[in-house]
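Asks: Fit chain B to the given chain A structure using the hints.
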Amino acid sequence: MAIGETIRNSQIWKSIFRHPMPLDRRNRIVVMLTNFFLHLHPVSIKKQGIALSFTWCMGGVTFFLFLVETVTGVLLMFYYRPTLEWAYNDILALRDVTSLGVLRELHRWGAHAMVITTWLHMYRVFLTGSYKPPREFNWVIGVILLLLTLLLSFTGYLLPWDQLAIWAITVGSNMARASPLLGYEGPGQQLLTIGGIDMITDGSDARFGLLGARFVGEETLNRFYVLHCIAIPLAVSLLLAIHFWRVRKDGGISGPL
Amino acid sequence: MHSNGLFLKDVAGFLGSYYAGLAIMNAIAAFFIWRRKNRIGEAGFWASVALAMLVLASLAMSGSASSVPHLPESLRKLVNTLSGPVNYTAGTTALFAIAFVFRKFFVKPMVAWTVFNAALLLMGLAMADENFASIVMKPDNVPIVGLVFLLAFFTWVATKQAVENDERIAQGLPPLEKENDEKVLVWPDLVYTELICMVAVSAFLLAWALLLPAPLEEPASSVKTPNPSKAPWYFLGLQEMLVYFDPWYAGVALPSMVVFGLMAMPYLDFNKKGNGYYSINERKFAYLTWQFGFLELWIMLIILGTFLRGPNWNFFGPFEFWSPYKVEVLNNVDLPQMFWVNLLNRPLPRVAADAPWYAQIGTILLREAPGLVVMAAYLFLLPPLLAVTVFRKYFAKMGLIRYLVMINLMLLMLSLPLKMVLRWTLNLKYLISIPEFSLNF
Chain A
0 MAIGETIRNS
10 QIWKSIFRHP
20 MPLDRRNRIV
30 VMLTNFFLHL
40 HPVSIKKQGI
50 ALSFTWCMGG
60 VTFFLFLVET
70 VTGVLLMFYY
80 RPTLEWAYND
90 ILALRDVTSL
100 GVLRELHRWG
110 AHAMVITTWL
120 HMYRVFLTGS
130 YKPPREFNWV
140 IGVILLLLTL
150 LLSFTGYLLP
160 WDQLAIWAIT
170 VGSNMARASP
180 LLGYEGPGQQ
190 LLTIGGIDMI
200 TDGSDARFGL
210 LGARFVGEET
220 LNRFYVLHCI
230 AIPLAVSLLL
240 AIHFWRVRKD
250 GGISGPL
Chain B
0 MHSNGLFLKD
10 VAGFLGSYYA
20 GLAIMNAIAA
30 FFIWRRKNRI
40 GEAGFWASVA
50 LAMLVLASLA
60 MSGSASSVPH
70 LPESLRKLVN
80 TLSGPVNYTA
90 GTTALFAIAF
100 VFRKFFVKPM
110 VAWTVFNAAL
120 LLMGLAMADE
130 NFASIVMKPD
140 NVPIVGLVFL
150 LAFFTWVATK
160 QAVENDERIA
170 QGLPPLEKEN
180 DEKVLVWPDL
190 VYTELICMVA
200 VSAFLLAWAL
210 LLPAPLEEPA
220 SSVKTPNPSK
230 APWYFLGLQE
240 MLVYFDPWYA
250 GVALPSMVVF
260 GLMAMPYLDF
270 NKKGNGYYSI
280 NERKFAYLTW
290 QFGFLELWIM
300 LIILGTFLRG
310 PNWNFFGPFE
320 FWSPYKVEVL
330 NNVDLPQMFW
340 VNLLNRPLPR
350 VAADAPWYAQ
360 IGTILLREAP
370 GLVVMAAYLF
380 LLPPLLAVTV
390 FRKYFAKMGL
400 IRYLVMINLM
410 LLMLSLPLKM
420 VLRWTLNLKY
430 LISIPEFSLN
440 F
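Residue numbers (numbering that gives the first Met the number 0), protein chains in the order written: chain A, 0 to 256; chain B, 0 to 440.
I should point out that these hints are in silico values taken from the structure, not numbers from a laboratory.
Watch out, some of these pointers could steer you wrong.
Unchecked claim - Here are the simulated lysine-lysine pairs, DSS-like style, with alpha carbons at most 25 Å apart:
no. : chain 1 : residue 1 : chain 2 : residue 2
1   : B       : K159      : A       : K45
2   : A       : K248      : B       : K271
3   : B       : K325      : B       : K223
4   : B       : K283      : B       : K271
5   : A       : K45       : B       : K177
6   : B       : K36       : B       : K107
7   : B       : K177      : A       : K248
8   : B       : K325      : B       : K229
9   : B       : K103      : B       : K36
10  : B       : K272      : A       : K248
11  : B       : K159      : B       : K103
12  : A       : K46       : B       : K182
Only chain A is shown next, with the shape it has when bound in the complex (with noise of 0.2 Å):
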């Protein structure tokens, strides 16, 4: 008990944490307040508000998730280099070699899972009608997070260089080739021309833009390896933030009037 008390009385514990264990009404209070992490969350909520048959706890499984698969992601990046030489043999070294190989086992079934959360999560959030006003544009935000979701996913299934891998994403993207208008084989490029050139050709269409090359090859697998670590990641951050902040601003979670 002493050593307990002692701690928690020094000037390092109280400098980190300002104010006593939450163990009575006020301090249970003031935590959810001056804690930075724990500041997302109002004081006090509704019961039904955090009853399980009610949330499925869907939307905040899928935010662990994501943490999951960025912190096995940064792991992972120590150990993968996103080139035709080495990115196979890194994932082969990652299963039979490395010894926290598990982690790509992790990263990719976290991935997985990431979108059948973000499925269920949307999926209670039509059933209890909580996109109704005032949460219309917060539904929004949640549809490009799904968006994004899946882009995440897509982009990463590329990674390991294998024949799964690369004809998946060649199946995925040749879609890009029939866009209207911007892809070599969609309806009406013929008529971009200008002075009887083609201006949309397999070589400057939006599959083009996506792979970076004619095929999926290693301009492909670098354009996908930034997206998948970099950009995509950083643009859900970003939603993310902005989803949560107004979950609590358009009166936190929905319940009837």
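Replies: Showing chain B alone in chain A's frame:
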């Protein structure tokens, strides 16, 4: 390929622990019903189900391949013959319709538990089939099996509360969620729930990662195209749409419209009821539209694309071997062909290649006139027609712009099932086919 002893030996261990798991699950249920609910008869029933599962578990692990519980060969053959895109789509839609109409019956915990057990038992029996197991147990397909059970569970959770709320509302009572609106402190009530959730998810993910290696195939080779080549599983609904539409529509236009439609939804749904609680009766139109789009057109197509589409994107029954040599007759015809050649017995309108541009365009328009008329009627005649009939009240409440956005999104969504039906009944390939501009619809 027939199930052989070697394969059954491989899955015997898995199936043994699978049935043992089901036995434990039902034993816990029986115990719960006995101690908490004090319904001895029911508890006895589920205890005997648990015992039966134990028998199945010991049969699976008995060491002799022939005693592994499995579906009879004749039944598997029958299922294979009966399954096809038409029966699959019509069947799942019918199942959803039945589940919806009789939702008061299906949400009863004992009914739901029975259905759940039946589904798991069927899955176990099917797993003893080599062809079924080889597709379902592919590492990247495992999440979809999880998704199916999770969706079924959560749909049950939601529908149960919705049915209860609808009954309360019909009696003039507030929804259940209203009963619980006393406030509690977030510390400890919510913070600890979150902590437990995090621990549970971490444990689950770790177990998954340790038990099941992540998929890794041969090194990438741009000259060795796998057959079938599939997109990641969450896009397989879109890939399945390619059977019915060209890539520009199935892969670009329609998905963009889905995203746009999802974003537009809160601005189109003017119904103020059903905000913040589960309810079906108070928002039937929104509910049915969503469920049809999500469960049937998204999830069911993903399942079809993942488990039932094999080499050359041919359809394979759940117990059928994925043979790359399966041949399917392709006798689909474009509408202009049907109209000009088959119906009027004339050649398609044609023009010389060096004719002036207006003659070229005119010929294309003439050739595609039947399809253009159908499309124009669908997109421009139906909206006003529906506005004064079926959707009269909606039109009055929504105003012109919202109504137009809503009805166009509806029509685009319905274009998929309509095109499916046209393909199955008339062998229609394209309504409009303008290869000159790579425009097929």
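Asks: Work down the list of hints and note, for each, if the structure agrees.
Replies: Checked hints:
| no. | hint | in the structure |
| --- | --- | --- |
| 1 | K159/B x K45/A | 21 Å, holds |
| 2 | K248/A x K271/B | 20 Å, holds |
| 3 | K325/B x K223/B | 20 Å, holds |
| 4 | K283/B x K271/B | 13 Å, holds |
| 5 | K45/A x K177/B | 10 Å, holds |
| 6 | K36/B x K107/B | 15 Å, holds |
| 7 | K177/B x K248/A | 21 Å, holds |
| 8 | K325/B x K229/B | 18 Å, holds |
| 9 | K103/B x K36/B | 21 Å, holds |
| 10 | K272/B x K248/A | 21 Å, holds |
| 11 | K159/B x K103/B | 8 Å, holds |
| 12 | K46/A x K182/B | 6 Å, holds |
Hint compliance for this structure: no hint is broken.
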